[in-house]
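Residues per chain are reported as follows:
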Amino acid sequence: MAQRYSSSARREIGTQVKLPVRKAVEISFNSVKIRFGRSLITVSSIILAIAFLMSIWTTSSIVNSLRDANDPKMNLILQQKGIDISQESEANRQEEAKNTWLVVLSLLVCLVGITNAMLMSVTERFREIGTMKCMGALDGFIVKLFILESAFMGMAGTVLGAAVGFLLSVLMSWIGYGTAVIDYVPWPGILERGVTAIILGSFLSLMGGILPAYRAAKMEPVDAMRLEV
Amino acid sequence: MAVVRTQDVKKVYEMGDVRVSALKGVDIEIEQGEYISIMGPSGSGKTTLFNMVGGLDKPSDGKVYIDDVDVAQLDAYELAWLRCRKIGYIFQTFNLIPVMTALENVTLPMVFAGLTSDEARDKGVELLNKVGLGDRVSHKPFELSGGQQQRVAVARAFANDPALILADEPTGNLDLRTGTEIIELLREMNQESGVTVVSATHDHKMLSVSDRVVWVRDGRVDRVVKREELKIEVGTIDGRTA
Numbered sequence: 249m250a251q252r253y254s255s256s257a258r259r260e261i262g263t264q265v266k267l268p269v270r271k272a273v274e275i276s277f278n279s280v281k282i283r284f285g286r287s288l289i290t291v292s293s294i295i296l297a298i299a300f301l302m303s304i305w306t307t308s309s310i311v312n313s314l315r316d317a318n319d320p321k322m323n324l325i326l327q328q329k330g331i332d333i334s335q336e337s338e339a340n341r342q343e344e345a346k347n348t349w350l351v352v353l354s355l356l357v358c359l360v361g362i363t364n365a366m367l368m369s370v371t372e373r374f375r376e377i378g379t380m381k382c383m384g385a386l387d388g389f390i391v392k393l394f395i396l397e398s399a400f401m402g403m404a405g406t407v408l409g410a411a412v413g414f415l416l417s418v419l420m421s422w423i424g425y426g427t428a429v430i431d432y433v434p435w436p437g438i439l440e441r442g443v444t445a446i447i448l449g450s451f452l453s454l455m456g457g458i459l460p461a462y463r464a465a466k467m468e469p470v471d472a473m474r475l476e477v
Numbered sequence: 002m003a004v005v006r007t008q009d010v011k012k013v014y015e016m017g018d019v020r021v022s023a024l025k026g027v028d029i030e031i032e033q034g035e036y037i038s039i040m041g042p043s044g045s046g047k048t049t050l051f052n053m054v055g056g057l058d059k060p061s062d063g064k065v066y067i068d069d070v071d072v073a074q075l076d077a078y079e080l081a082w083l084r085c086r087k088i089g090y091i092f093q094t095f096n097l098i099p100v101m102t103a104l105e106n107v108t109l110p111m112v113f114a115g116l117t118s119d120e121a122r123d124k125g126v127e128l129l130n131k132v133g134l135g136d137r138v139s140h141k142p143f144e145l146s147g148g149q150q151q152r153v154a155v156a157r158a159f160a161n162d163p164a165l166i167l168a169d170e171p172t173g174n175l176d177l178r179t180g181t182e183i184i185e186l187l188r189e190m191n192q193e194s195g196v197t198v199v200s201a202t203h204d205h206k207m208l209s210v211s212d213r214v215v216w217v218r219d220g221r222v223d224r225v226v227k228r229e230e231l232k233i234e235v236g237t238i239d240g241r242t243a
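Chains as they are written, first to last, in the working numbering: chain E, 249 to 477; chain P, 2 to 243.
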């Protein structure tokens, strides 16, 4: 310990206090609220990504449910739409494969879209982060702030996205297969998918936000300031 | 006693295979209550030295003592504490947080220091009054002029009663008149509270208020001039500013 101080005088040096979570929540919530326009763009890309995923899932569950119902009237409509009604046909297997591919694709869209949105919103604030570090913010505080921000935006975006995706595909099925489709909506399955989509989206937005925030927080303040974004 | 002391500070930047020596061994001592200007052409190592003195950057070799504490020995928590309580920063580009009001900007370092919201608000209003912006507490940075923004930044720098104020080209983005006002404000606060002010600048208006001027050239301290000697020198070297 002694070597830390030069021999001439011993000066007290303290350890920076950790900021209470309440304060971090307050600051990050205000930050999202005040940057409403910018946050909306970030959130909307999350909404779009999750809505895409959710609509693929909802549509395929509804079609499956209609097929399983084996209602003669419904079977006719399905056949008119070019959907094979028999359970084990080659066409169905192809349909399954196509759906899986679409889900994978929409997950990729999610991943890229959300990460990009979060990355941008952190990168464009490097200078702010550098300033905060000069003011005595700890790395942990910066990370905490951005985790909370991405969590707020991720939650809002995914919940909205899941709702939008679900409603749109129900609407599309309604238009496509008639009003009777409402009776065939497999609620438990869709709820499960919805929760999965929300968890997935929140996780992706967290990851998308944490990584750049962590990198920014680890930077020396001079470097963070020097970067022109 | 010395607030800042550097011992043979060297800084080498490595860019790929190229090694650039920004500082080639600098020894300076800055006393409590002094008003110091670091001057030098671009690329002289002025900003690098300034960053070292402020604990924003670590030297490749040599030692920097702030308040007799070797900066290199500090861990992240202690360094943050030092930046928060002992040093106040003023930047050329003001660097206020755009989404926060003037008051919130000033109180942010106090929040980091662990003050309660009430304490921080009272002190923040007091500081804003002191810099002449008592009626602008709830304005956002974009609603303020450049000079006013820099005043908010000055108030923010004084938030936790630091021992050292570091101003990096504080007048660089301001016109002549507002620049002079900021310099005078800094000088006033320096005399009033006995805080040490170090500014990196090439603004000659700074010279007349500085106790000492450190000229940096090519990574070394070229010369250090006291104010008494300064007037004559400025007069002879470039008559414009005298």
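Worth flagging that the hints you see were computed from the coordinates, not collected in a lab. A virtual CB, placed ideally from N, CA and C, is assigned to each residue, including glycine. Please note that the accuracy of each hint is not assured.
Said to hold, decoys possible - The following residues of chain E were derived to be distant from chain P, with all beta-carbon distances above 12 Å:
{"hint": "1", "residue": "K271"}
{"hint": "2", "residue": "N278"}
{"hint": "3", "residue": "L288"}
{"hint": "4", "residue": "S313"}
{"hint": "5", "residue": "Q327"}
{"hint": "6", "residue": "G330"}
{"hint": "7", "residue": "N340"}
{"hint": "8", "residue": "M383"}
{"hint": "9", "residue": "G426"}
{"hint": "10", "residue": "Y432"}
To be verified - Result set (SDA-like, lysine to any residue): computed pairs, CA atoms no more than 25 Å apart in a straight line:
{"hint": "11", "chain 1": "P", "residue 1": "K131", "chain 2": "P", "residue 2": "G148"}
{"hint": "12", "chain 1": "E", "residue 1": "K466", "chain 2": "P", "residue 2": "K11"}
{"hint": "13", "chain 1": "E", "residue 1": "K271", "chain 2": "P", "residue 2": "K11"}
{"hint": "14", "chain 1": "E", "residue 1": "K281", "chain 2": "P", "residue 2": "E230"}
{"hint": "15", "chain 1": "E", "residue 1": "K466", "chain 2": "P", "residue 2": "R20"}
{"hint": "16", "chain 1": "E", "residue 1": "K466", "chain 2": "P", "residue 2": "K131"}
{"hint": "17", "chain 1": "E", "residue 1": "K281", "chain 2": "P", "residue 2": "E105"}
{"hint": "18", "chain 1": "P", "residue 1": "K141", "chain 2": "E", "residue 2": "E274"}
{"hint": "19", "chain 1": "E", "residue 1": "K266", "chain 2": "P", "residue 2": "D123"}
{"hint": "20", "chain 1": "E", "residue 1": "K266", "chain 2": "P", "residue 2": "T102"}
{"hint": "21", "chain 1": "E", "residue 1": "K266", "chain 2": "P", "residue 2": "D212"}
Outcome of the hint check:
1. The claim that K271 of chain E lies off the interface is violated: its Cβ sits roughly 6 Å from the closest Cβ of chain P, which falls inside the 12 Å cut-off.
2. With a minimum CB-CB distance of about 7 Å to chain P, N278 of chain E fails to clear the 12 Å threshold, and the non-interface call is violated.
3. Taking the minimum C-beta to C-beta distance to chain P, about 15 Å, the non-interface status of L288 of chain E holds against the 12 Å cut.
4. The claim that S313 of chain E is not at the interface with chain P holds, since no C-beta of that chain comes within 12 Å of its own (minimum 47 Å).
5. Separation of Q327 of chain E from chain P is adequate, the least Cβ-Cβ distance of about 57 Å exceeding the 12 Å criterion.
6. Every beta carbon of chain P lies more than 12 Å from that of G330 of chain E, the smallest distance being close to 53 Å; the non-interface claim holds.
7. Non-interface call for N340 of chain E relative to chain P: holds, since the shortest CB-CB distance, roughly 53 Å, exceeds 12 Å.
8. Consistency note on M383 of chain E: stated as away from chain P, yet its beta-carbon is not over 12 Å from all of that chain's, at 4 Å minimum.
9. Listed as a non-interface residue, G426 of chain E keeps its Cβ farther than 12 Å from every Cβ of chain P; the least gap is roughly 50 Å.
10. Under the 12 Å C-beta cut-off, the non-interface status given to Y432 of chain E relative to chain P holds; the minimum distance is some 48 Å.
11. Distance restraint check for K131 of chain P and G148 of chain P: the Cα-Cα separation of roughly 15 Å lies within the 25 Å cut-off, and the hinted pair is therefore satisfied.
12. The straight-line distance between the Cα atoms of K466 of chain E and K11 of chain P is roughly 23 Å, inside the 25 Å bound, and the hint therefore holds.
13. Pair hint K271 of chain E plus K11 of chain P does not hold up; C-alpha atoms about 40 Å apart against a cutoff of 25 Å.
14. Between the alpha carbons of K281 of chain E and E230 of chain P the distance comes to roughly 55 Å, so the proposed pair goes past 25 Å and is violated.
15. For the hint pairing K466 of chain E with R20 of chain P, the CA-to-CA distance comes to about 24 Å; that is within 25 Å, so the pair holds.
16. A C-alpha spacing of about 35 Å is found between K466 of chain E and K131 of chain P, which places the hinted pair above 25 Å, so the restraint is violated.
17. Pair hint K281 of chain E plus E105 of chain P holds up; C-alpha atoms about 15 Å apart against a cutoff of 25 Å.
18. Pair hint K141 of chain P plus E274 of chain E holds up; C-alpha atoms about 18 Å apart against a cutoff of 25 Å.
19. Only pairs whose Cα atoms come within 25 Å are accepted, and K266 of chain E paired with D123 of chain P is accepted, the gap being roughly 22 Å.
20. A distance of roughly 23 Å separates the Cα atoms of K266 of chain E and T102 of chain P; the hinted pair therefore holds under the 25 Å criterion.
21. Between K266 of chain E and D212 of chain P the CA atoms are separated by roughly 38 Å; this puts the pair beyond 25 Å, and the hint is violated.
Hint compliance for this structure: hints 1, 2, 8, 13, 14, 16 and 21 are broken, all remaining hints hold.
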